[in-house]
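Okay, here's what each chain looks like letter by letter:
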Amino acid sequence: MSKKLLLGDEAIAQAALDAGLSGVYAYPGTPSTEITEYIQGAPITAEKKIHSRWCTNEKTAMEAALGMSFVGKRALVCMKHVGMNVAADCFVNSAMTGANGGIIVVAADDPSMHSSQNEQDSRFYGDFAMIPFFEPCNQQEAYDMVYQGFEFSEKIGEPILLRIVTRLAHSRSGVEGKTQKPQNEISFSKDPRQFVLLPAIARQHNRELIAKENEFLKASEESPFNKYIDGPNKQMGIIACGIGFNYLMESYPEGCEYPMLKIGQYPLPKKQLTKLVEECESILVIEDGQPFVEKQLKGYLALGITVKGRLDGTLPRDGELNPDSVARALGRENKQEFSASPIVEVRPPALCQGCGHRDMYTVLTEILKTEYPLHKVFSDIGCYTLGAGAPFYAINSCVDMGASITMAKGAADGGFFPSVAVIGDSTFTHSGMTGLLDCVNSNANVTIIISDNETTAMTGGQDSAGTGKIEAICAGIGVDKAHIRVVVPLKKNYEEMAQILREEIEYKGVSVIIPRRDCIQTLARKKKQQAKS
Amino acid sequence: MKKDIILSGVGGQGILSIATVIGKAALKKGLYMKQAEVHGMSQRGGDVQSNLRISDKPIASDLIATGKCDLIISLEPMESLRYLPYLNKEGWLVTNSTPFINIDNYPSEETLKKELDKVPHKVVINVDDMAKEAGSARIANIVLLGATIPFLGIDYETVKQSVREIFERKGEAIVEMNLKALAAGKEIADKHVQ
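The listed protein sequences derive, respectively, from chains A and B.
Plus 258 on top of the position in the first sequence (first one is 1) and you've got my numbering.
Plus 330 on top of the position in the second sequence (first one is 1) and you've got my numbering.
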């Protein structure tokens with residue numbers, strides 16, 4: 259088969275399609291979005307009726323995938339790392355139920371936080387759930403891990419986790435595909451109570467899962483993704499996980515003098531690890547993300563072997579690895595020929611010119627600053643988070659999906675006024691609806707702005723679960739219809755917008771204002787597509 | 331053969347379309363390739379870059395190391411300077427001269443020119459004007475690509491063929507316009523090299 263030039267995300271998608279996927283379940287999130295988009299665009303998806311519609315959030319995605327596994331079919335679940343927190347309830351419990359049809363959960367971590375709120379390392383989740391997990395170093399490995407992963411998941415009867423990082427997700431290289439497999443037929447577990455996690459059953463499952471530890475370890479020790487590569491200089495042994503291996507090889511184009519252990523599959527292969535530790539005087543751990551391997555190897559009191567890495571400053575404690583930081587750790591610093599130009603200024607991202615969020619913030623900041631100088635605005639995750647920067651400086655918080663509404667409620671509960679929330683339509687349906695119910699139930703004095711651009715904009719304009727339903731959802735949750743106000747955020751409507759804002763801030767209770775106008779980027783894309791067809 | 335290329339610009343300018351053409355040409359030549367892109371938040375008017383690595387041997391890192399970059403291709407002059415620490419001693423900087431000003435503290439034209447003058451190997455051209463001359467402002471990135479031909483390590487014919495294949499489905503007139511843009515860029519760069 260010929261090589262295709264694919265993003266890491268696309269390689270994962272292609273592998274899943276080739277391996278007989280029946281459904282992908284995901285909520286958009288950088289850097290994972292392109293996996294689902296690739297599957298949605300593949301001709302085979304429509305032809306073989308592979309499920310690929312976006313989910314409302316990562317938890318619903320994980321649960322639906324488990325349902326598909328329940329009936330014996332293969333499912334892929336994709337999310338960015340923080341999505342793992344949302345999916346965690348089902349994810350951890352899916353290790354307790356086990357899988358029937360193969361399940362692969364892809365967690366796309368974002369070291370250096372290019373588009374994220376934290377740097378959490380999803381390998382901890384794999385360890386926490388006690389299931390095998392994988393970490394590819396390149397696009398081909400990502401393909402191979404997913405292609406073989408479904409079969410492995412079915413063999414061990416557990417979901418598996420694939421942990422990738424931004425640099426792999428959004429980098430392109432040649433990938434060789436394998437033969438297309440058919441989808442599984444519907445089939446059920448022999449144990450009718452496999453998925454019933456009543457305490458008595460769960461305790462049994464827990465013991466069974468623990469009993470599988472040796473099987474997982476053996477698979478890891480025999481895995482082609484874990485490689486021991488010997489070297490003559492035993493002063494140091496190097497453990498390189500996932501993409502860290504690339505930076506190591508980049509520093510040694512002619513071959514490395516130290517013994518190396520390349521890690522791609524977990525739990526860590528004990529046999530190879532023991533050999534490396536026994537033969538070498540010290541160990542250097544190169545891993546992108548948090549010091550997951552390093553910490554385990556070193557131990558809390560660091561009384562055993564000498565381990566170098568992120569914890570002792572050999573590598574930076576935070577941020578993504580790069581060829582320079584790894585070269586420096588190896589004493590092979592890259593030489594800079596030209597110094598950085600002093601005239602280069604920071605160019606932060608900003609809301610697009612013509613964006614409806616801009617009009618919303620223009621009026622909101624004007625009213626709040628002049629009429630309510632003591633205001634606070636709790637915001638959320640999306641394009642409108644950019645309201646934090648120039649020229650608006652409009653928001654006081656951005657924490658997690660949905661936190662705008664609930665934090666505004668908490669502030670109002672504490673007696674604060676005016677407490678304003680700004681959230682987008684997709685984030686609202688992802689995790690804002692339950693918080694709104696809390697507001698309604700305690701009649702919190704909050705003004706909630708659902709800035710509706712009818713798309714999931716920041717990740718590239720995916721469908722938004724609530725399009726056309728936002729007012730009905732709010733009314734259904736119990737917001738008084740008189741205080742659900744819709745307005746078109748355009749300059750000509752500034753007076754109307756200002757008046758609505760004043761009225762709803764003054765209303766002592768839950769009010770929802772919905773400034774609604776198409777995202778200009780999504781609109782342009784739609785028009786382009788229409789012109790094509 | 332090894333070419334480490336940094337493409338830079340401002341989100342929305344279309345640096346990835348340049349990468350697509352070079353990538354296609356590299357594959358035609360049977361070369362290995364890795365291309366790290368930027369998606370997500372910074373696309374909204376922020377600075378964007380892509381690391382494109384081409385080699386006749388397998389490539390390890392997706393990212394280019396400090397002092398190892400052979401060629402900076404930039405659609406925006408200040409953005410071209412952002413990556414100077416990556417450029418190697420003999421490396422070339424090929425950039426559009428038209429500033430994209432969306433920040434208050436953008437350097438003055440004079441300061442910018444002075445800084446660019448310090449770079450020993452460079453081609454600085456107004457690709458926007460040249461693109462308009464060649465038929466459309468939208469092909470500015472192809473003009474810029476043309477100006478990199480002497481430094482790409484891939485022959486002109488192969489790049490032309492890639493441009494042809496990528497724009498084929500848009501009709502012969504579009505193909506010709508892009509080829510004209512490519513030629514115009516190349517001509518200027520050839521003069522610089524001489």
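Among the hints, a few may not be true.
Reference listing, derived: stretches of chain A covered by chain B, where coverage requires no fewer than 3 residues with Cβ under 8 Å from a Cβ of chain B [unchecked claim]:
hint, stretch
1, 288-297
2, 430-441
3, 575-582
4, 589-599
5, 727-733
I should point out that these hints are in silico values taken from the structure, not numbers from a laboratory.
Treat the numbers as computed from the prediction; the structure is a model and nothing was measured.
Cβ coordinates follow ideal geometry from the N, Cα and C atoms, glycine included.
field: Hints violated by the structure (numbers, ascending)
entry: 5
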